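Peer 1: Heads up: the sequence shown at position 306 corresponds to 306 in full-length UniProt numbering, and the numbers run straight through without jumps.
Where hints are given, some of them may not hold.
[To be verified] The list that follows gives simulated cross-link-like pairs (lysine-lysine, DSS-like), each with its CA atoms no further than 27 Å apart:
hint: 1; residue 1: Lys-101; residue 2: Lys-182
hint: 2; residue 1: Lys-131; residue 2: Lys-142
hint: 3; residue 1: Lys-101; residue 2: Lys-318
hint: 4; residue 1: Lys-115; residue 2: Lys-25
hint: 5; residue 1: Lys-325; residue 2: Lys-25
hint: 6; residue 1: Lys-138; residue 2: Lys-175
hint: 7; residue 1: Lys-219; residue 2: Lys-147
hint: 8; residue 1: Lys-178; residue 2: Lys-219
hint: 9; residue 1: Lys-91; residue 2: Lys-138
hint: 10; residue 1: Lys-128; residue 2: Lys-263
hint: 11; residue 1: Lys-263; residue 2: Lys-280
hint: 12; residue 1: Lys-142; residue 2: Lys-185
hint: 13; residue 1: Lys-185; residue 2: Lys-255
hint: 14; residue 1: Lys-175; residue 2: Lys-207
hint: 15; residue 1: Lys-147; residue 2: Lys-283
Derived by calculation from the structure, the hints in this document are not laboratory data.
Computed from a predicted structure; not experimentally measured.
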Amino acid sequence: MAATVLVVDGGGRAATLVHKYSQSKHVGQLFAVPGNDLIQINTTKPVRIFPHLRTTNVKEIIGIAKKGKVDLVDVAQDDAVACGLTDILIKNKIRVFGPTKASGQIEWDKAWARKFMKKFNLPSPQFKICKRENEGIKFINKNPDTKWFIKASGLAAGKGAIFTRNNKEAISAIKQMKKFGKSGKTYLIERCLEGEEFSAFALVSNKNFQIIGFAQDNKQVFDGDKGPNTGGMGCSSPPQVVSLKVEAQVKSIIKKTAQGLSKLKRPYVGILYLGGMVDKNGKVWIIEFNARWGDPEAQVILPSIKNDYFELVTSALKGSMPKIK
1 MAATVLVVDG GGRAATLVHK YSQSKHVGQL FAVPGNDLIQ INTTKPVRIF PHLRTTNVKE
61 IIGIAKKGKV DLVDVAQDDA VACGLTDILI KNKIRVFGPT KASGQIEWDK AWARKFMKKF
121 NLPSPQFKIC KRENEGIKFI NKNPDTKWFI KASGLAAGKG AIFTRNNKEA ISAIKQMKKF
181 GKSGKTYLIE RCLEGEEFSA FALVSNKNFQ IIGFAQDNKQ VFDGDKGPNT GGMGCSSPPQ
241 VVSLKVEAQV KSIIKKTAQG LSKLKRPYVG ILYLGGMVDK NGKVWIIEFN ARWGDPEAQV
301 ILPSIKNDYF ELVTSALKGS MPKIK
């Protein structure tokens, strides 16, 4: 009997995931919460969307999964990971692909993530974690004429990192953290890395992993890399900056990360997204980790995968790791 898959996500990433699952011979119908109208236009197999729901409406999602006899739930959105949707689906004996709240903390709590990176000797910039406005301002005044990123520790839809070129801009950015509400109560001051950014995506099953692909998105809102950051204005894959040397470093980082999470009894199962930077010497630095596919990156990488995506995901859930084609 053909499987029913529920994708918890909206936007272009959701449309891409639904379309990829629909290409599987194992999948008969699909649900998406909340989904979007494009999903139903692009996909030949039956798709039902729930635009009135949010990805954090846990009770309703559980109800849909049970009533619809869903065979697999793909938790693809950061807020859903952060609210513990995966954990609750597991408790309800519903098969789910996506990290638990504990393992997903590597995204939804940037302060925790930086401490994790330091503990496991992963390449990170100088950083300071602050909980009060004056704490950050005092630090900035002690380190004049330095370029910093001021980052909300919590989720901010890709808009929580502010680049600053001097003390005045840094202090202004610190004062802006309050606009992110709870997400900005704890914030980070990170030394600005110089180089070229890229994104790497791995399919992870506890300590096992396979790199799925690389991409490069354009974050700033205006042409010429100007204006504030967004979740992504455009994207391409593969990026030229990813050489064999860079790829080897990425594999080492993902391996140490998966092993570190396992050691902390937070085994990771899902898509792990490394936001990286290659400096002028070819060294890879970690800008951030995300606990799901990127959007728009998923839109350029997923169509290039020749594997049956349903088979890839279900194999990972069983602990095996097929080769990515």
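Peer 1: Hints first: check each against the structure and report whether it holds.
Peer 2: The hints, checked one at a time:
1. Between the alpha carbons of Lys-101 and Lys-182 the distance comes to roughly 17 Å, so the proposed pair stays at or under 27 Å and holds.
2. With a C-alpha separation of about 17 Å, the suggested pairing of Lys-131 with Lys-142 holds against the 27 Å cut-off.
3. Among the hinted pairs, Lys-101 with Lys-318 is consistent with the structure: their alpha-carbon atoms are about 20 Å apart, no more than 27 Å.
4. Note on Lys-115 and Lys-25: the hinted pairing is violated, with a Cα-Cα distance of about 43 Å set against a maximum of 27 Å.
5. At most 27 Å may separate the alpha-carbon atoms for a hinted pair to count; Lys-325 and Lys-25 meet this at roughly 17 Å.
6. Proximity of Lys-138 to Lys-175 is assessed by CA-CA distance (about 13 Å); at most 27 Å being required, the pair is judged to hold.
7. Proximity of Lys-219 to Lys-147 is assessed by CA-CA distance (about 18 Å); at most 27 Å being required, the pair is judged to hold.
8. With a CA separation close to 22 Å, the supplied pair Lys-178 and Lys-219 stays within the 27 Å bound.
9. Our distance criterion of 27 Å between C-alpha atoms is broken by Lys-91 and Lys-138, whose separation comes to about 46 Å.
10. For the hint linking Lys-128 to Lys-263, the alpha-carbon distance of about 25 Å falls within 27 Å, and the restraint holds.
11. Taken as a hint, the Lys-263 and Lys-280 pair is broken in the structure, with Cα atoms around 33 Å apart against an allowance of 27 Å.
12. Only pairs whose Cα atoms come within 27 Å are accepted, and Lys-142 paired with Lys-185 is accepted, the gap being roughly 22 Å.
13. The suggested pairing of Lys-185 with Lys-255 is violated, with an alpha-carbon distance near 31 Å, which exceeds 27 Å.
14. Restraint check for Lys-175 and Lys-207: the C-alpha separation of about 40 Å exceeds 27 Å, so the hint is violated.
15. Proposed proximity of Lys-147 and Lys-283 is supported: the alpha carbons are some 20 Å apart, at most 27 Å.
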